[in-house]
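If you read the sequences in order, they're chains B and A.
Per the numbering used here, numbering of the first sequence is gapless, rising by one per residue and ending at 325.
Per the numbering used here, numbering of the second sequence is gapless, rising by one per residue and ending at 306.
Heads up, some of the hints might be wrong.
Said to hold, decoys possible - Just a sample of chain B residues kept apart from chain A, beta carbon distances all over 10 Å, derived: (1) D83; (2) R84; (3) P236.
Claimed, not checked - Footprint (simulated), chain A over chain B, 3 or more residues, beta carbon under 8 Å: (4) 60-68; (5) 110-120; (6) 287-301.
For the record, the hints were derived by calculation from the structure and aren't laboratory data.
We put the beta carbon where it would ideally sit given N, CA and C, even for glycine.
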Amino acid sequence: MSLLEVSQLKVSYPTRDGVFDVVRDLSFELDEADSLGIAGESGSGKSQTALAIMGLLPANAQVGGSIRLDGQELIGESERVLDRLRGKSLAMVFQDPMSALNPYMTVGRQIGEVLELHQGMSANEAAKRSCELLQMTGIDEPGRRSKAYPHQFSGGQRQRILIAMALACGPRLLIADEPTTALDVTVQKKILELLRSLCKETGTALILISHDLAVLSGMCRNLMIMYGGREMERGPSQRVLLQPTHPYTAALLRTLEDLHGGAGALAVIPGEPPDLRNPPGGCPFHPRCSEVLPHCSKEIPRTRPVRRIGDKQSHWVACHLEQEQ
Amino acid sequence: MLAFTLKRLLSAVPTLLLVVATTFFLIRIAPGGPFDSERNLPPDIQANIERSYHLDEPLLQQFGRYLKGVVRGDFGPSYHYRDRDVSDLIAESFPVSFKLGMTALLLALLGGVTAGVFAALRRNSFSDHALMSLAMSGISIPNFVLAPLLVLLFAVHLNWLPAGGWRGLSSVVLPAFTLALPQAAYIARLTRASLLDVLGSDFLRTARAKGLSRSQAVWRHAMKPTLLPVISYLGPATAALLTGSVVIEQIFQIPGLGRYFVTGALNRDYTLVMGVVIFYGALIIMMNLLVDLLYAWLDPRSRQKQ
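Turn these sequences into a full structure, and let the hints guide you.
Spelled out as structure tokens, the structure:
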């Protein structure tokens with residue numbers, strides 16, 4: 001049994017203009033201590049998926065399908081049960097470290113709070129352990145710094161503190177939603193390195209969300225590409241990058257090569273991301289796809305395994321082209 | 001912190017001086033004088049009285065004489081209440097106003113914050129809309145309208161509470177409530193907006209992600225940032241309560257400082273009006289200073305800067 005099993009996940013929001021789906025038919029699995037990178041443009045449903053797993057979607061969100069952690073169904077579970085899982089088995093690091101910490105509480109207290117909540121530590125024990133956690137994430141002089149307030153730390157340090165807080169209770173799964181987007185380029189690498197090494201050390205499974213394929217492929221064993229709330233392609237990182245099967249993945253990779261190649265005009269994917277209130281019929285990518293087939297606009301492609309000769313790897317794609325071959 | 005306090009206290013001196021000067025000259029511009037009456041006094045008696053109160057001196061000289069007294073803490077004799085010093089009148093009536101004002105302030109804080117938090121946590125529900133409509137009426141209805149209505153209901157019809165006077169706890173209820181209502185309403189709206197803002201903040205989501213329940217997250221993480229704007233409103237609230245009490249004490253016949261202010265102004269009791277204005281001015285300045293200190297102490301970001 002996998003640690004996390006997501007199947008047929010659907011997240012939608014009712015509005016005056018009708019219901020619109022931000023995540024549709026999403027299914028994937030994640031093993032113990034494994035890592036999965038989720039990539040996609042803004043509005044592709046990456047963050048909504050993460051919040052759905054945490055059970056922290058806004059109150060007006062409608063969630064369907066199934067999310068199982070260790071076999072335990074999370075969708076429809078009571079808040080009381082979810083509160084006991086969050087911070088203990090499930091943890092999350094958010095995008096903006098500048099606003100994710102409470103400015104009116106010392107960072108030591110903020111870390112200690114999780115320990116008191118889930119591990120029944122006394123305030124003293126929690127304070128001591130907070131210092132160790134700060135040390136572990138690379139904050140110097142943790143004894144003194146734990147009594148400081150968030151505004152006395154840099155962005156990178158704050159993200160370290162948030163990582164310490166997330167890993168405090170030894171969660172089974174850590175979700176990091178664009179943890180370095182708000183940070184300086186020079187700091188990004190160090191934070192990612194810290195995340196990877198700590199997850200490896202503690203055997204924590206990692207879901208890393210980013211729009212940067214290069215970062216994801218370096219950090220995660222598996223990769224999932226999302227578009228318009230749907231899964232486009234999923235498989236081992238190297239496979240997806242070297243043999244992209246979905247035209248969208250291929251297009252994303254071309255933009256990446258261009259960024260690093262540097263010569264000439266930048267490659268862009270023509271067109272706009274889909275309007276979720278009025279999604280295109282069939283495959284959400286078909287209006288921008290360079291290899292579009294007649295029935296792409298009518299029929300939603302099913303996710304099916306990519307089969308190559310002598311191949312046992314689990315590589316999945318949702319594209320009509322794959323069926324043709 | 002100490003330097004900050006001293007600086008603020010020093011900057012209060014010119015403010016107070018301005019207040020003193022403005023009132024001193026304004027009240028003398030008003031037609032009539034303290035010793036005018038329907039009976040015409042013989043001119044030499046009138047002149048005698050004016051001489052004994054130094055009212056015959058040039059205006060600037062009077063002002064200088066008054067300032068000298070104020071510096072020594074002497075507000076001079078009342079022109080209307082013979083043989084009474086203004087300081088005595090203030091010392092005698094302020095405790096009454098203080099009790100009324102404090103009760104109203106506590107009521108406003110308790111009621112306003114509770115209503116605001118309740119409304120924010122049940123945003124867009126029926127109770128939220130009902131509370132906020134009530135708050136809007138609370139802000140809009142002037143206290144001289146509300147007071148007679150409350151008296152009519154609770155004193156005349158139901159006969160539960162006295163219609164006026166100052167005897168025992170029951171006589172505090174109606175005036176304190178009337179005085180508190182608009183402030184409570186304002187604080188409720190302030191608290192609601194502030195808490196809604198905090199509820200949408202990233203750090204509250206972090207708190208939930210840690211496994212705190214919604215109510216735990218609200219109590220431990222949202223209360224302090226929610227209450228900061230309320231605390232900084234306490235300065236203006238004090239000023240509003242003081243001005244409100246002037247009307248309320250008159251309506252409910254409460255022997256407080258506000259009533260002396262009104263009768264003092266009507267009688268052209270120059271020294272009494274001046275005394276009350278300076279006293280109230282100092283009180284408001286002190287309250288604002290206290291609020292600023294409290295705010296600075298509560299917000300770690302401003303605490304470190306000082």
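Hint check:
| no. | hint | verdict |
| --- | --- | --- |
| 1 | D83 | 5 Å, violated |
| 2 | R84 | 7 Å, violated |
| 3 | P236 | 29 Å, holds |
| 4 | 60-68 | violated (count 0) |
| 5 | 110-120 | holds (count 4) |
| 6 | 287-301 | violated (count 0) |
Checked against the numbered hints given earlier, the structure breaks hints 1, 2, 4 and 6 and satisfies all the rest.
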